[in-house]
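The listed protein sequences derive, respectively, from chains R and Z.
With the numbering used here, the residue at position 299 of the first sequence is 299, and numbering never jumps.
With the numbering used here, the residue at position 129 of the second sequence is 1129, and numbering never jumps.
Just so you know, these hints were derived from the structure itself, not from any lab.
Predicted model only: the values in this text are computed from it and were never measured.
From the three backbone atoms N, C-alpha and C, an ideal C-beta is built for every residue, glycine too.
A portion of the hints provided could be inaccurate.
Simulated restraints, written as ranges between beta carbons of each label pair [stated by the list, open to error]: (1) Z/S1045 / R/D150: 49 to 55 Å; (2) R/E301 / Z/N1081: 41 to 47 Å; (3) Z/N1081 / R/R163: 29 to 35 Å; (4) Z/S1045 / R/S29: 53 to 59 Å; (5) R/G305 / Z/A1100: 37 to 43 Å; (6) Z/V1141 / R/T69: 41 to 47 Å; (7) R/D229 / Z/T1140: 53 to 59 Å; (8) R/D37 / Z/A1166: 43 to 49 Å; (9) Z/N1081 / R/E307: 52 to 58 Å.
When the alpha-carbon atoms are kept at most 27 Å apart in a straight line, the in silico BS3-like pairs for lysine-lysine are as follows [said to hold, decoys possible]: (10) R/K252 / Z/K1134; (11) Z/K1154 / Z/K1134; (12) Z/K1135 / Z/K1065; (13) R/K252 / Z/K1065; (14) R/K252 / Z/K1135; (15) Z/K1134 / Z/K1079.
One letter stands for each residue in the lines below.
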Amino acid sequence: MKLRLTGFWLLLIIFQSQASDHWVFDSRSAVTGAATDRVYHHLDGPGRKHIAVTEQSVAAVWEDNSSQTPQIYVALQSLPSDSFTAALQVSNGGEAYEPSIDALSNNRFALAFEQDASVFVRILSTEGLGEPTRLSQQAASHVSITSFSDQVFASWRERDSGRWFLKVAALRIEASNRFIVESVQSVEADGLETPLLFPVIAVNAAGLCVAWEDRRAGHTRLLVSHSADMSKPFNAPQSLNEFYSDRNEYDKGNGVTRVSLASFGEDEILAAWMDKRRGGNGYGIFAALGADAGENFGPNEKVHGEEGDRQPHYNPATAGNQAGDFVIAWDDFRRADSDIWISTYSSDLEWSQDHAPSVASGSGEQSHPSIALDDQGNLHLLWIERSQQDSPSRLWYSLGRPQKP
Amino acid sequence: MLHSSLFRLPLACIVLLSLSVGTLLAAPPEGYRFLSLTEATQLASSENKPMLLYFGRYGCSTCRKMHAEVFNDASLNAKLNGAFVLAYVDTESGNRISLANGERITEMQFSSRSRIIGTPTFIFFSPEQKPLFKKAGFQTVAQMNQYGDYILEKHYQSMPLNEFIARQ
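Whenever a hint applies, use it, and build me the whole structure from the sequences.
As structure tokens, this is what we get:
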């Protein structure tokens, strides 16, 4: 009887493993050198867009203080090589933070970053970095960049005359690999008295979608707005998170924060964020799928599985491809130390069991994932590793190959 | 589930400098001299005062309830404003703080790294800048006063907080 039970549990474990392992990950490769005393790497840009893939290369962008001040760096790995180039410094000011990246044609990448209270964009090609272009006119931060067939768009927040504006720019690529700003519009022309935080932008054939943290309601809500193209204004903002707690006279709503967007399929958008609707269990990871480039979002969906129901979760990242694949990664410390976790839709159109890739879990702190999906369904995973929470860090990368059914 | 990684960090390792493109995104109670963590850390160190570090969230209902029903108490106001250095961290803020070891992170990342799961969470530091205890969730006026007395009367040097409370 005991043997039978053991066999049952073994079968169950095998079944669960097969159900959750959508990708088999290669050995990790170092994006940066060994952890160095007092050097710290950060992947904290809006939407966690720190890795992008062309047919020839994968590129990772981050901030670290290896030059004494926080600056932005990028490194490339030629495919199918398994090593990254030495880091190129992207920023050149006093301090720079929170970069974003997307892939362009001809093995080029679009980069965006905050530098000295302005936001900039820059192109990385096989010839190196093009000249930077400043997007903002006033104090600005939280810049995100996205592209579709080399149509490039950036979003950021800008403060002008005491009001907060969510700006979106359409960018043209010059022959010299420099961005030219074609047009800029504010999602809401009048701006806001209250801050907006960490806007992120996504684009596909059906248009543009921006989502952000908004505080005008007296608590934080995630809002989303859509535009068919930059010649038209953005729609009036709609709520993305659909649950607001209402427990007592003081309760205006639970916390929601750090939304990430990714385009997938022909015209769909995946949104994922941290959501405190579970009360004392901290943030859960919730998501919504949007049609028509985010003009219409479906219901909110809980992403993490039952195992994570009583745990807090952090730092969600999204990825999608035109083949229709999509995936969410995040980190949590359900095993004491922080590990990277992944979920995607199962064949029954439900979020799969949480899966911790072995390359990005185990002893030490593995956190702050950023992900990209190529058109073959390969999952490119970038993350930070520290031996302890306040230890020096380094960046790792691994390629997840889709499992054949 | 309340991890205490913050307790592994001496106060001197917490914050030296904060940077911000934006304005103060926090919402501490009115009538209290809550400072940024940067300012509070420096002040507490220079004046050898105990510090109360308050992790809140914009729109947090329990925080609002405490502001209306606890922080409105005159005796608590006098005790905290008079004897403590007060610091506020917005657990969803993108404002940056700089640690003494050279790392700069946002208030949100500092909060998650400190394993702050819910708000409000209060961490009390001794005048020697040693983190003494953490309290999460709604606290009454009486409890807040007890915590203050435990530190100001230096009972932390001779007994744990639970023992002090049991003797009251």
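Results of checking the hints against the structure:
Look at Z/S1045 against R/D150: about 53 Å separates their beta carbons, and that is inside 49 to 55 Å. Under the hint 41 to 47 Å, the C-beta atoms of R/E301 and Z/N1081, about 46 Å apart, fit the expected range. Between Z/N1081 and R/R163, the C-beta spacing of about 33 Å keeps the proposed range 29 to 35 Å intact. Our hint of 53 to 59 Å for Z/S1045 and R/S29 is violated, since their Cβ atoms are close to 43 Å apart.
Checked against the given bound of 37 to 43 Å, the beta carbons of R/G305 and Z/A1100, roughly 39 Å apart, stay inside it. Between Z/V1141 and R/T69, the C-beta spacing of about 45 Å keeps the proposed range 41 to 47 Å intact. Checked against the hint of 53 to 59 Å, the pair R/D229 and Z/T1140 passes, with Cβ atoms roughly 56 Å apart. A C-beta distance of roughly 45 Å is found between R/D37 and Z/A1166, which places it inside the suggested range of 43 to 49 Å.
Here the CB-CB span from Z/N1081 to R/E307 is close to 45 Å, at odds with the stated 52 to 58 Å. For the proposed pair R/K252 and Z/K1134, the alpha carbon gap of about 26 Å is at most 27 Å, so the pair holds. In summary, the hint linking Z/K1154 to Z/K1134 is supported, as the alpha carbons are separated by about 17 Å, within the 27 Å threshold. Restraint check for Z/K1135 and Z/K1065: satisfied, since their Cα atoms lie roughly 16 Å apart, inside the 27 Å limit.
As the CA atoms of R/K252 and Z/K1065 are separated by approximately 12 Å, the hinted pair is consistent with the 27 Å bound. Annotation: proposed proximity of R/K252 to Z/K1135 holds, straight-line Cα distance about 23 Å (limit 27 Å). For the proposed pair Z/K1134 and Z/K1079, the alpha carbon gap of about 19 Å is at most 27 Å, so the pair holds.
Comparing the model with each earlier hint shows violations of hints 4, 9; every other hint is respected.
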